[in-house]
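Quick note, the sequences are listed as chains L and U, same order.
Mind the numbering: the first sequence is residues 312 to 483 in my numbering, read in order.
Mind the numbering: the second sequence is residues 72 to 461 in my numbering, read in order.
Any given hint could turn out to be false.
Stated by the list, open to error - Straight-line distance between alpha carbons at most 25 angstroms, and here's what the computed SDA-like set of lysine to any residue pairs gives: (1) U:450 / L:430; (2) U:188 / L:443; (3) U:460 / U:89; (4) U:450 / L:437; (5) U:398 / L:323; (6) U:460 / U:127; (7) U:450 / L:438; (8) U:103 / U:78; (9) U:450 / L:315; (10) U:445 / L:443; (11) U:445 / L:317; (12) U:445 / L:440; (13) U:80 / L:331; (14) U:450 / L:476; (15) L:384 / U:398; (16) U:183 / L:476; (17) U:80 / U:189; (18) U:389 / L:474; (19) U:450 / L:385; (20) U:450 / L:474; (21) L:433 / U:81; (22) U:450 / L:444; (23) U:445 / L:438.
If you are wondering where the hints come from, they were derived from the structure by calculation, not from laboratory data.
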Amino acid sequence: MSIPRQVTRPDHSARSLARGLGWFSVGLGVAQLLAPRQVAGFIGMPGSEGAVRACGLREIATGVGLLLADDPKPWVYGRIGGDALDLAGLGWSIEHGHEPANAAIAAGAVAGITLLDLGCAKGLDAERVPSTEWDYGDRSGFPEAAQNMRGRAEPEFAAARAEPNGYPQQLH
Amino acid sequence: MRALRWHGKHDIRCDNHIPDPSIEDPRDAIVKVSSCAICGSDLHLYDGFMPGMQHGDIMGHEFMGEVMEVGSANKKLKVGDRVVVPFTIVCGECDQCRRGNFSVCERTNRNKDIADKVFGHTTAGLYGYTHLTGGYAGGQAEFVRVPYADVGPVVIPEGLTDEQVLFLGDILPTGWQAAAQCDIQPTDTVAVWGAGPVGQFAVRSAVMMGAEQVICIDNVPERLSMARAGGAVTIDFDDESVLERLAELTQGRGPEKCIDSVGMEAHAARSLDSLYDRAKQALMLETDRPHVLREMIYVCRPAGIISIPGVYGGLIDKIPFGAAMNKGLTFRMGQTHVNRWTDDLLRRIQEGQIDPSFVITHSVGLEQGPEMYKTFRDKHDGCIKVVLKP
Ligand SMILES: NC(=O)c1ccc[n+]([C@@H]2O[C@H](COP(=O)([O-])OP(=O)(O)OC[C@H]3O[C@@H](n4cnc5c(N)ncnc54)[C@H](O)[C@@H]3O)[C@@H](O)[C@H]2O)c1
Ligand SMILES: [Zn+2]
Ligand SMILES: [Zn+2]
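Produce the entire structure from the sequences given, and follow the hints as far as they go.
In structure tokens:
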């Protein structure tokens with residue numbers, strides 16, 4: 312009864328997380344491209360606008376990759392690499408920059424996102440492992456084809472009994 | 072004796088050397104369990120979502136077996152009878168029992184005063200299901216004390232296997248009552264959320280009660296294949312939009328009848344509201360995740376019926392009650408009044424109209440119970456229903 316087969320299934324929650332991360336990347340990248348001075352000022356590294364713009368381009372590229380690719384996995388690894396670079400830069404700014412508190416806040420945010428990236432990568436990676444899928448198409452529980460069982464019970468009777476106080480007979 | 076006991080969230084153990092139960096009241100009986108099962112409701116205890124469990128409580132409320140001992144005042148049972156024991160403990164004499172509202176029996180909850188405070192009124196005592204419902208020792212054990220055993224237990228005639236009748240005590244009448252509450256008309260579309268064991272029986276009950284179309288929604292492929300075998304059209308909510316597919320299948324009218332056989336642990340892979348519920352549940356601001364309820368209220372055809380066998384334990388949030396009120400929906404819900412249905416369903420099993428054993432995918436010894444909780448919860452290994460043999 313019921314034959315199993317080996318299948319690999321997409322991990323839907325990891326994939327929708329990847330899409331979310333893609334939009335996040337694009338948003339962050341656009342902000343870095345359009346307002347590099349504010350970003351650099353906030354994290355206490357004035358003068359590094361060029362680096363911020365480059366990060367922005369990188370973010371947009373990975374974001375678009377995540378949103379368009381059939382297989383988001385390499386792009387998620389790309390994000391994790393980017394996270395490491397960002398954390399390194401922010402770490403430098405916490406020690407040497409003008410706004411260590413802001414840089415620490417930003418580093419905390421990046422660390423949070425990194426956790427999401429790692430979780431997403433783990434989920435996508437596990438997709439490779441085949442799982443057994445069972446087909447229970449032969450388990451109807453009915454003596455005949457299901458369409459022949461349609462209406463076999465008296466619906467009025469059942470419905471009347473489902474009423475509150477719908478059990479007319481004395482129990483004993 | 073041996074039994075599965077709750078030691079905390081995700082910690083159920085098969086313990087040895089538990090004292091055997093004994094007759095405490097002249098109406099009692101002691102049953103030697105031949106088969107018991109793990110229910111979706113047990114998962115709410117396993118996952119720690121239902122409050123009121125205590126360290127060392129014996130789990131389980133779906134069980135059957137042989138009567139070993141009968142109290143002096145029990146005129147219904149005799150030693151050697153084979154019985155299925157409904158999960159609701161009923162006295163048979165209180166006003167609610169006499170009206171057939173068995174799951175709200177007024178006398179069998181030993182912790183009536185707590186329940187009165189929490190819910191406003193007490194409900195029936197239940198086996199292995201928190202101290203809010205009496206703290207009775209459950210049926211995932213070698214022996215069980217069955218209180219009020221001169222009322223609830225269903226005596227099983229010769230010629231039927233355990234597997235055919237075990238589910239009379241819970242999930243079969245639960246699916247049946249869920250469909251009966253829908254007052255099904257021959258032109259109705261009935262949509263069933265959840266293709267777990269309860270959903271499977273709800274699908275088949277709706278078919279037998281003559282629904283024109285039965286639709287079943289889940290995201291577990293093998294459960295959906297089993298729902299199709301029972302006569303349902305299926306929607307995989309990971310692959311398709313539930314709202315769009317339901318509209319398509321009902322020419323935009325929406326299903327007339329909606330059944331929630333999911334309950335408080337609903338998953339929703341890609342909606343914002345489910346993230347919100349998970350966060351609130353984690354912060355203890357909300358106890359249950361009502362994603363399915365919201366979806367049902369939204370899609371149900373105006374003047375339709377929402378039937379809720381799925382269990383909820385406490386508070387829910389952001390229910391579109393305005394939609395429900397203005398659409399004129401009827402809500403019917405509750406723990407199953409098992410004894411209302413057992414005679415009729417036993418007859419149908421005997422006549423061969425339905426063989427409930429189709430739902431069993433795993434049958435193992437009691438000692439494998441703890442790992443089976445995990446297998447069942449995670450839907451691993453094609454698991455749909457687990458039967459344990461003490
Ligand atoms: N009223 C009663 O007397 C009674 C009796 C037995 C069980 N129950 C309750 O019925 C419910 C189901 O029990 P079960 O044994 O079938 O459990 P189960 O956990 O095996 O089934 C639940 C199913 O719902 C599916 N699901 C989760 N989220 C969903 C969503 N958003 N949309 C559609 N499907 C979704 C799951 O994949 C799973 O297959 C539980 O809440 C249980 O406590 C009530
Ligand atoms: Zn149950
Ligand atoms: Zn009663």
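Hint-by-hint comparison with the structure:
1. Taking the CA atoms of residue 450 (chain U) and residue 430 (chain L), the gap is near 21 angstroms; set against the 25 angstroms cutoff, the hint holds.
2. Pair hint residue 188 (chain U) plus residue 443 (chain L) does not hold up; C-alpha atoms about 47 angstroms apart against a cutoff of 25 angstroms.
3. Between residue 460 (chain U) and residue 89 (chain U) the CA atoms are separated by roughly 17 angstroms; this keeps the pair inside 25 angstroms, and the hint holds.
4. Of the supplied pair hints, the one linking residue 450 (chain U) and residue 437 (chain L) holds, its CA atoms being roughly 17 angstroms apart against a limit of 25 angstroms.
5. Pair hint residue 398 (chain U) plus residue 323 (chain L) does not hold up; C-alpha atoms about 33 angstroms apart against a cutoff of 25 angstroms.
6. Proximity of residue 460 (chain U) to residue 127 (chain U) is assessed by CA-CA distance (about 20 angstroms); at most 25 angstroms being required, the pair is judged to hold.
7. Restraint check for residue 450 (chain U) and residue 438 (chain L): satisfied, since their Cα atoms lie roughly 16 angstroms apart, inside the 25 angstroms limit.
8. Restraint check for residue 103 (chain U) and residue 78 (chain U): the C-alpha separation of about 24 angstroms stays at or below 25 angstroms, so the hint holds.
9. Pair hint residue 450 (chain U) plus residue 315 (chain L) holds up; C-alpha atoms about 14 angstroms apart against a cutoff of 25 angstroms.
10. With a CA separation close to 17 angstroms, the supplied pair residue 445 (chain U) and residue 443 (chain L) stays within the 25 angstroms bound.
11. A distance of roughly 21 angstroms separates the Cα atoms of residue 445 (chain U) and residue 317 (chain L); the hinted pair therefore holds under the 25 angstroms criterion.
12. The hinted pair formed by residue 445 (chain U) and residue 440 (chain L) meets the criterion: a straight-line CA distance of about 19 angstroms does not exceed 25 angstroms.
13. Pair hint residue 80 (chain U) plus residue 331 (chain L) does not hold up; C-alpha atoms about 32 angstroms apart against a cutoff of 25 angstroms.
14. Of the supplied pair hints, the one linking residue 450 (chain U) and residue 476 (chain L) is violated, its CA atoms being roughly 37 angstroms apart against a limit of 25 angstroms.
15. Between the alpha carbons of residue 384 (chain L) and residue 398 (chain U) the distance comes to roughly 45 angstroms, so the proposed pair goes past 25 angstroms and is violated.
16. A hinted pair counts as satisfied when its Cα atoms are at most 25 angstroms apart, and residue 183 (chain U) with residue 476 (chain L) qualifies at roughly 22 angstroms.
17. Under the criterion of a C-alpha separation no larger than 25 angstroms, the hint pairing residue 80 (chain U) with residue 189 (chain U) is consistent with the structure, at around 22 angstroms.
18. Pair hint residue 389 (chain U) plus residue 474 (chain L) does not hold up; C-alpha atoms about 28 angstroms apart against a cutoff of 25 angstroms.
19. Restraint check for residue 450 (chain U) and residue 385 (chain L): not satisfied, since their Cα atoms lie roughly 29 angstroms apart, outside the 25 angstroms limit.
20. For the hint pairing residue 450 (chain U) with residue 474 (chain L), the CA-to-CA distance comes to about 34 angstroms; that exceeds 25 angstroms, so the pair is violated.
21. Under the criterion of a C-alpha separation no larger than 25 angstroms, the hint pairing residue 433 (chain L) with residue 81 (chain U) is consistent with the structure, at around 23 angstroms.
22. Under the criterion of a C-alpha separation no larger than 25 angstroms, the hint pairing residue 450 (chain U) with residue 444 (chain L) is consistent with the structure, at around 11 angstroms.
23. For the suggested pair residue 445 (chain U) and residue 438 (chain L), the alpha carbons sit about 20 angstroms apart, so the restraint of at most 25 angstroms is met.
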